[in-house]
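J.: If you want the building blocks of each chain, they are given just below.
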Amino acid sequence: MAAPLLEVNDLTVRFRTDAGWMTAVDHVSLAVGEGEALGIVGESGSGKSVTALSILRLHAGPTTRMPTGKVMYGGRDLLGLPMRDMRAIRGSEIAMIFQDPMSSLNPVLTIADQIGESLRLHQGLDHATARRRAVELLDLVRIPDAARRVDEYPHRLSGGMRQRVMIAIAIACRPKLLIADEPTTALDVTIQAQILDLLRDLQAELGMSVILITHDMGVIAEFARRVMVMYAGRVVETAPVGQLFRRPLHPYTDGLLAAIPKLDVDVRRLPAIPGSIPDPTAVIPGCRYSPRCPMVQARCRTEAPDLLPAGPERQARCPPRVAALEHAA
Amino acid sequence: MTAPIIRVRDLVKDFHVTRGRGGPPAILRAVNHISFDIRQGTTLGLVGESGSGKSTTGRLLVGLIPVTSGEIGLFGETITGAGGDRALAKVRSKLQFVFQDPHGSLNPRMRVGDCIAEPIDVGGGWTRRDRADRVSELLETVGLPRAVAERFPHEFSGGQRQRIGIARALALKPDFIVCDEPVSALDVSMQAQIINLLLDLQEKLGLSYLFIAHDLAVVRSIATDVAVMYAGALVEQAPKAVLYAAPKHPYTEALLEAVPRPDPDRVRSAALGGEIPSILNPPPGCAFAARCPKVMEMCRSERPAPRPTGDGHVVACHLY
Amino acid sequence: MADATMSYQPALASGEAIAARRRFRILRKLLHHRSFMVGFVIVLVMVMAALLAPLTGIDPNKMAIRFRFRPPQDAYWFGTDQFGRDLFTRTLYGAQLSLWIGLSVAVLSGVIGAAIGVLSAQFRRLDSLLMRIMDALMAAPAILLAIGLGAALGPQTHSVIIALAVAYIPRTARIVRASALVTRELEFIEAARVAGASSLRIMFRHLLPNATGPLLVQSTFVFAYAILAEAALSFLGIGPPPPAPSWGNIIAEGRSFAVQSWWIMLFPGFAISLAALGMNLLGDGLRDVLDPRLKVEG
Numbered sequence: 001m002a003a004p005l006l007e008v009n010d011l012t013v014r015f016r017t018d019a020g021w022m023t024a025v026d027h028v029s030l031a032v033g034e035g036e037a038l039g040i041v042g043e044s045g046s047g048k049s050v051t052a053l054s055i056l057r058l059h060a061g062p063t064t065r066m067p068t069g070k071v072m073y074g075g076r077d078l079l080g081l082p083m084r085d086m087r088a089i090r091g092s093e094i095a096m097i098f099q100d101p102m103s104s105l106n107p108v109l110t111i112a113d114q115i116g117e118s119l120r121l122h123q124g125l126d127h128a129t130a131r132r133r134a135v136e137l138l139d140l141v142r143i144p145d146a147a148r149r150v151d152e153y154p155h156r157l158s159g160g161m162r163q164r165v166m167i168a169i170a171i172a173c174r175p176k177l178l179i180a181d182e183p184t185t186a187l188d189v190t191i192q193a194q195i196l197d198l199l200r201d202l203q204a205e206l207g208m209s210v211i212l213i214t215h216d217m218g219v220i221a222e223f224a225r226r227v228m229v230m231y232a233g234r235v236v237e238t239a240p241v242g243q244l245f246r247r248p249l250h251p252y253t254d255g256l257l258a259a260i261p262k263l264d265v266d267v268r269r270l271p272a273i274p275g276s277i278p279d280p281t282a283v284i285p286g287c288r289y290s291p292r293c294p295m296v297q298a299r300c301r302t303e304a305p306d307l308l309p310a311g312p313e314r315q316a317r318c319p320p321r322v323a324a325l326e327h328a329a
Numbered sequence: 001m002t003a004p005i006i007r008v009r010d011l012v013k014d015f016h017v018t019r020g021r022g023g024p025p026a027i028l029r030a031v032n033h034i035s036f037d038i039r040q041g042t043t044l045g046l047v048g049e050s051g052s053g054k055s056t057t058g059r060l061l062v063g064l065i066p067v068t069s070g071e072i073g074l075f076g077e078t079i080t081g082a083g084g085d086r087a088l089a090k091v092r093s094k095l096q097f098v099f100q101d102p103h104g105s106l107n108p109r110m111r112v113g114d115c116i117a118e119p120i121d122v123g124g125g126w127t128r129r130d131r132a133d134r135v136s137e138l139l140e141t142v143g144l145p146r147a148v149a150e151r152f153p154h155e156f157s158g159g160q161r162q163r164i165g166i167a168r169a170l171a172l173k174p175d176f177i178v179c180d181e182p183v184s185a186l187d188v189s190m191q192a193q194i195i196n197l198l199l200d201l202q203e204k205l206g207l208s209y210l211f212i213a214h215d216l217a218v219v220r221s222i223a224t225d226v227a228v229m230y231a232g233a234l235v236e237q238a239p240k241a242v243l244y245a246a247p248k249h250p251y252t253e254a255l256l257e258a259v260p261r262p263d264p265d266r267v268r269s270a271a272l273g274g275e276i277p278s279i280l281n282p283p284p285g286c287a288f289a290a291r292c293p294k295v296m297e298m299c300r301s302e303r304p305a306p307r308p309t310g311d312g313h314v315v316a317c318h319l320y
Numbered sequence: 001m002a003d004a005t006m007s008y009q010p011a012l013a014s015g016e017a018i019a020a021r022r023r024f025r026i027l028r029k030l031l032h033h034r035s036f037m038v039g040f041v042i043v044l045v046m047v048m049a050a051l052l053a054p055l056t057g058i059d060p061n062k063m064a065i066r067f068r069f070r071p072p073q074d075a076y077w078f079g080t081d082q083f084g085r086d087l088f089t090r091t092l093y094g095a096q097l098s099l100w101i102g103l104s105v106a107v108l109s110g111v112i113g114a115a116i117g118v119l120s121a122q123f124r125r126l127d128s129l130l131m132r133i134m135d136a137l138m139a140a141p142a143i144l145l146a147i148g149l150g151a152a153l154g155p156q157t158h159s160v161i162i163a164l165a166v167a168y169i170p171r172t173a174r175i176v177r178a179s180a181l182v183t184r185e186l187e188f189i190e191a192a193r194v195a196g197a198s199s200l201r202i203m204f205r206h207l208l209p210n211a212t213g214p215l216l217v218q219s220t221f222v223f224a225y226a227i228l229a230e231a232a233l234s235f236l237g238i239g240p241p242p243p244a245p246s247w248g249n250i251i252a253e254g255r256s257f258a259v260q261s262w263w264i265m266l267f268p269g270f271a272i273s274l275a276a277l278g279m280n281l282l283g284d285g286l287r288d289v290l291d292p293r294l295k296v297e298g
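Top line first, the protein sequences correspond to chains Z, E and C. Each residue of the first sequence is one higher than the one before, starting from 1 at the first, in the numbering used here. Each residue of the second sequence is one higher than the one before, starting from 1 at the first, in the numbering used here. Each residue of the third sequence is one higher than the one before, starting from 1 at the first, in the numbering used here.
Hints may be right or wrong, so weigh each one.
[What the hints assert, rightly or not] Lysine-lysine pairs mimicking DSS-like chemistry, simulated, CA-CA at most 25 Å apart:
hint	chain 1	residue 1	chain 2	residue 2
1	Z	Lys-262	E	Lys-248
2	Z	Lys-262	E	Lys-240
3	E	Lys-204	E	Lys-173
4	E	Lys-90	E	Lys-173
5	Z	Lys-262	E	Lys-173
[To be verified] Derived coverage of chain E by chain C (criterion: at least 3 residues anywhere in the stretch with Cβ under 8 Å from a Cβ of chain C; other residues may be distant):
hint	segment
6	88-100
7	263-272
Derived by calculation from the structure, the hints in this document are not laboratory data. This structure is a prediction, so every number in the text was calculated from the model and none was measured. Ideal placement from N, C-alpha and C gives every residue a C-beta, glycine not left out.
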């Protein structure tokens with residue numbers, strides 16, 4: 001791959017909770033190329049959202065520690081940047097949209113004000129120009145009757161509309177990278193399809209890279225070119241999307257794909273993954289997935305596995321499976 | 001075919017919404033003349049997006065919300081209309097409800113054992129010993145150890161809490177359970193466990209379910225028959241195999257098409273445009289007319305009535 | 001079936017560990033909360049002082065005219081008042097009465113306010129009526145209300161308690177009502193209704209237990225207000241009848257001699273401030289610990 005646009009190297013994020021320090025993100029690395037769509041998939045406690053928030057340093061505070069890691073963008077480590085430079089990047093070069101459209105918009109500001117905020121801040125536009133640009137952006141995100149809508153307040157818009165407004169705010173300054181954290185999870189299925197189509201088209205039009213975070217494997221299959229699977233704070237597998245679905249390497253990916261209810265076939269019983277996601281403060285020796293893994297071996301419980309290369313753009317944190325792949329090759 | 005234990009005919013539910021500026025309250029028709037049957041031992045999957053009225057329907061069925069008009073017959077008793085309350089009291093022990101939110105569906109101040117025994121405590125008349133035995137039995141049925149009864153709900157994960165909620169629903173040996181999005185708030189790996197549990201319980205205890213969900217794939221894994229709702233109206237009903245293989249209503253087709261599949265090679269057709277209509281001021285005619293790719297003139301003026309098209313398939317669409 | 005049972009087992013191991021730690025979480029958080037601990041110690045000291053008052057061996061009402069108006073000294077730590085009574089002893093006994101008044105008012109307004117609060121939340125029609133009555137009561141400043149009631153009921157300890165309790169019921173009722181309204185929307189209330197629970201059961205088994213957090217916090221503040229209000233009432237002559245020492249009484253009796261014998265008013269005044277401060281800190285600490293705690297951890 002050509003030089004990546006953004007690279008996260010060995011990031012660790014720990015939070016202080018009532019029960020002690022917990023590691024939300026454990027030595028995670030990823031890279032996104034220019035114009036690429038990277039999907040990060042995982043369940044609750046996987047650390048996917050925290051990883052994304054860390055890129056923009058959105059959750060740093062007295063109860064957060066990042067003992068290791070660099071986030072390299074444009075030759076600089078974002079984690080070490082002074083706040084003023086960080087703010088210049090946020091919204092203009094790297095933008096983010098979130099899950100809940102109901103609470104992500106300020107209820108007392110009009111749409112024009114909220115879209116315009118980013119424009120005025122980063123591009124220094126005056127009110128009138130910013131408003132005009134806001135209408136253009138609303139058209140771009142396919143909100144009908146944009147010229148009238150731009151003066152409305154968020155409560156008059158539906159969930160799908162609000163999400164489009166959020167996208168408009170995010171792309172206002174033509175960012176190079178858009179981070180989308182569960183952008184369609186709270187939306188109805190038919191609206192979700194519209195938003196995914198929109199994001200795909202915008203990505204092509206603006207040449208943007210997108211990091212899409214979700215728990216929905218279907219959304220990943222539709223949208224991402226490359227996928228990273230996370231479990232309990234660690235990356236367990238990365239692969240190009242076709243290979244991930246056709247020939248998954250990590251038993252967790254296997255389990256996840258099997259457990260998803262199928263829309264197109266009748267299955268008598270869904271093969272469920274036994275056990276449950278480990279408590280974030282629990283310390284598990286060896287492989288974090290070993291308590292639930294159907295093909296667990298003795299050494300899995302004692303040796304913590306590394307993320308091993310398994311082909312071009314492929315990695316998996318399961319030594320037995322990677323070894324089997326090499327033998328087969 | 002066994003006689004239906006649940007009969008719903010022409011059910012309507014209106015909510016009165018007070019408008020800020022004075023004047024008469026607006027009428028929100030959440031459930032718009034729906035009819036369906038549920039046979040013993042089967043599961044009716046009720047599918048729809050937001051505003052479809054599916055959750056309201058579930059609550060109407062167990063008497064949590066009063067009906068505006070229409071008829072609900074449960075186990076031969078009519079719980080709507082005159083004498084409805086008495087009829088409901090007679091069959092109450094046969095009905096139960098499983099809720100969506102594992103965090104809100106258990107009282108955080110009550111121990112798990114007390115939460116589960118609530119239906120028992122309300123009726124009263126059980127000895128302490130019997131009550132404790134029943135609680136242990138229920139915990140075992142849902143796959144939880146007995147020690148759980150002494151703890152508080154916040155000590156457990158979402159999936160475990162859903163199991164507790166199911167145990168509570170089983171306390172008085174009901175015959176019919178309304179499950180309102182019971183797995184929507186759970187992780188994928190936990191969804192399968194709970195779905196399997198519900199299926200096992202149905203086999204073992206002969207239960208019937210009304211399974212409400214927005215996720216068509218989840219419904220496929222558990223339902224016998226499926227009914228699709230849109231903006232308060234029931235647009236299509238069919239046995240599961242028929243609905244998924246050959247949907248007739250354009251909304252069902254669009255819904256099935258829109259669901260993303262875990263298959264990177266699949267190319268989805270362009271999404272259905274438009275928004276779910278406001279049920280506050282419903283336009284005349286078919287609720288789906290504004291978004292329907294096959295809309296005709298009459299669709300905008302005349303509401304289509306549900307018509308059977310053979311094979312247990314019922315569709316409310318002017319195309320048929 | 002075996003699938004479901006088996007699938008649970010590994011999860012319990014971590015569940016066990018979590019449960020043990022969490023049981024004393026609130027207690028440990030309280031112990032670490034600085035304001036709470038300071039407040040707790042202050043209140044504890046006051047309560048001990050009140051309980052141990054008889055240990056001084058001195059009769060608080062014993063007059064010794066020869067030794068009146070003595071400033072604080074070795075024999076009389078807080079000095080003596082116009083009748084030669086030992087102020088230290090009087091202040092300690094005053095703690096008994098004042099703290100008792102504070103406690104009674106807090107408990108009485110708490111119980112009645114909570115009942116009104118859950119009734120309003122459960123029965124919407126009753127809600128309008130009850131809340132209008134509460135509004136009417138709150139329209140007058142609590143202290144004026146108490147004065148009016150106290151004057152009507154006569155200068156006795158129990159009328160002071162009743163008057164103050166009535167004055168503070170509306171605030172407590174509002175807080176409990178607010179909490180109950182939120183609780184009512186949660187699904188476990190619907191679950192109870194599906195099971196056939198009566199309104200009574202819902203109110204007292206579900207709504208009330210979930211309102212104990214805000215109720216407790218509010219009660220500590222009412223306690224503090226009541227102690228302060230008692231002083232005001234005594235000042236106006238409608239507090240507990242003399243010669244029974246209460247902090248308010250002592251201050252009231254000492255006001256004619258405020259300039260020459262400043263110690264008469266100082267020490268009980270200081271005691272009142274300290275007690276109110278202690279209770280406020282306690283309440284703040286409780287609120288800090290209980291409020292976020294009540295949020296369910298996903």
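J.: Confirm or reject each hint.
T.: Going through the hints against the structure:
The hinted pair formed by Lys-262(Z) and Lys-248(E) meets the criterion: a straight-line CA distance of about 21 Å does not exceed 25 Å. With a C-alpha separation of about 13 Å, the suggested pairing of Lys-262(Z) with Lys-240(E) holds against the 25 Å cut-off. The hinted pair formed by Lys-204(E) and Lys-173(E) meets the criterion: a straight-line CA distance of about 12 Å does not exceed 25 Å. Under the criterion of a C-alpha separation no larger than 25 Å, the hint pairing Lys-90(E) with Lys-173(E) is consistent with the structure, at around 14 Å.
This hinted pair does not check out: Lys-262(Z) and Lys-173(E) have alpha carbons roughly 31 Å apart, beyond 25 Å. Under the rule that three or more residues need a Cβ within less than 8 Å of chain C, the assignment of the segment 88-100 of chain E holds, with 7 such residues. Under the rule that three or more residues need a Cβ within less than 8 Å of chain C, the assignment of the segment 263-272 of chain E is violated, with 0 such residues.
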